[in-house]
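Engineer: Sequence:
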Amino acid sequence: MYQFAELLRLNKPIGIFLLFWPCAWSLAMTQWFTVNDNLFIKYLILFFIGSIVMRSAGCVYNDIVDKNIDSKVQRTKKRLIASKKISVKTAWIIILLLLIPAIVILFQFNNFSRILGLSSGLLILTYPFMKRITFWPQLFLGFTFNWGVLLAWSVFFENLKIETIILYAAAIFWTLGYDTIYALQDRRDDLKIKIKSTAIKFKHDIKNFLFFCYISLIILLIALGALTDRSFLYFILIITSSAHLIYQVLLIKKANSNDREKIQKVFNSNNFFGLLIFLIFFLETYNA
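Under this note's numbering, the first residue of the sequence shown carries the number -6, and numbering increases by one thereafter.
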């Protein structure tokens, strides 16, 4: 049972929350336009369950694709597929089983949302290969990991609007920042086996790159507030929340590739930021 949880990364739930929070932001944003507490709670639960299922399936798929790479990286060499404790065939069966509840959840939504959800499949299938061909796999992860922003909006309105695109872009910059931090753990091994990442591309200027990502995130959230005529409190809280992002960058500046525990803690702290933005969005529902 523990091996199963380890394969699905249920023992490391941070990924579930980083997938879930952008969905929750988008669901909270829908309530700025049409307050429906019952549907909001229903969809919040469905998206949380969906985040668990899809993140688990994504981890297994990623381990299948990266089994030869993982075996050469210190942090990942003991993963179950890379160490051949679980066969690739068994892993594919697990993915298929995980897709059953994912499809059941998707079909709770309208037709537009079903099509939108299924269209993310191409991003999910291609993302693990990006580290082999581009220094920007973190950007591709941003496009993939935050698709739930678009989907969560569409379950209420069956369309996409400029507000949704702005929030999607903001979430992408967030992912670009925190996944660059995550990639710092493997930078030395990645260089040896010629795997690409933004952590390598900007290895001499990580601090400024992270500032760029996080400043872009905050600017987009401010722009979203201006476009939707948010309260003064919204802008104060969004600007205040940037203190946590600045704190992350300053901590990373003092770390190096050997400080894996410190890097992991900084990465994990993004769960707090995701919750913070959700609470700001949720508060704005009843403060506007």
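No lab work stands behind these hints: they were computed from the structure. One should not assume that every hint holds.
[What the hints assert, rightly or not] In silico BS3-like cross-links for lysine-lysine, where the CA-CA straight-line distance does not exceed 30 angstroms:
1. Lys200 to Lys77
2. Lys255 to Lys60
3. Lys78 to Lys5
4. Lys154 to Lys77
5. Lys154 to Lys71
6. Lys200 to Lys154
7. Lys71 to Lys60
8. Lys154 to Lys65
9. Lys82 to Lys60
10. Lys154 to Lys246
11. Lys200 to Lys65
12. Lys60 to Lys70
13. Lys77 to Lys5
14. Lys70 to Lys154
15. Lys78 to Lys200
16. Lys70 to Lys185
17. Lys187 to Lys255
18. Lys196 to Lys78
19. Lys70 to Lys35
Values in this document were obtained by computation on a predicted structure and should not be read as measured data.
Engineer: Work down the list of hints and note, for each, if the structure agrees.
Structural biologist: Outcome of the hint check:
1. Lys200 to Lys77: Cα-Cα ~38 angstroms, so violated.
2. Lys255 to Lys60: 26 angstroms, holds
3. Lys78 to Lys5: Given pair Lys78, Lys5 holds - Cα atoms ~19 angstroms apart, limit 30 angstroms.
4. Lys154 to Lys77: 46 angstroms, violated
5. Lys154 to Lys71: Outside the cut-off at roughly 44 angstroms; violated.
6. Lys200 to Lys154: Status violated; Cα separation ~33 angstroms.
7. Lys71 to Lys60: 10 angstroms, holds
8. Lys154 to Lys65: Roughly 44 angstroms separates the two Cα atoms, so the pair is violated.
9. Lys82 to Lys60: 13 angstroms, holds
10. Lys154 to Lys246: Answer violated: Lys154 to Lys246 is near 37 angstroms, above 30 angstroms.
11. Lys200 to Lys65: Satisfied, since the Cα-Cα distance of roughly 28 angstroms is no more than 30 angstroms.
12. Lys60 to Lys70: Holds - the C-alpha atoms of Lys70 and Lys60 are around 9 angstroms apart, at most 30 angstroms.
13. Lys77 to Lys5: Answer holds: Lys77 to Lys5 is near 21 angstroms, not above 30 angstroms.
14. Lys70 to Lys154: 43 angstroms, violated
15. Lys78 to Lys200: Distance of about 39 angstroms is beyond 30 angstroms: violated.
16. Lys70 to Lys185: Given that 30 angstroms is the threshold and the Cα spacing comes to 15 angstroms, the pair holds.
17. Lys187 to Lys255: 24 angstroms, holds
18. Lys196 to Lys78: Roughly 34 angstroms separates the two Cα atoms, so the pair is violated.
19. Lys70 to Lys35: 40 angstroms, violated
Hint check: violations occur at hints 1, 4, 5, 6, 8, 10, 14, 15, 18, 19; the rest are consistent with the structure.
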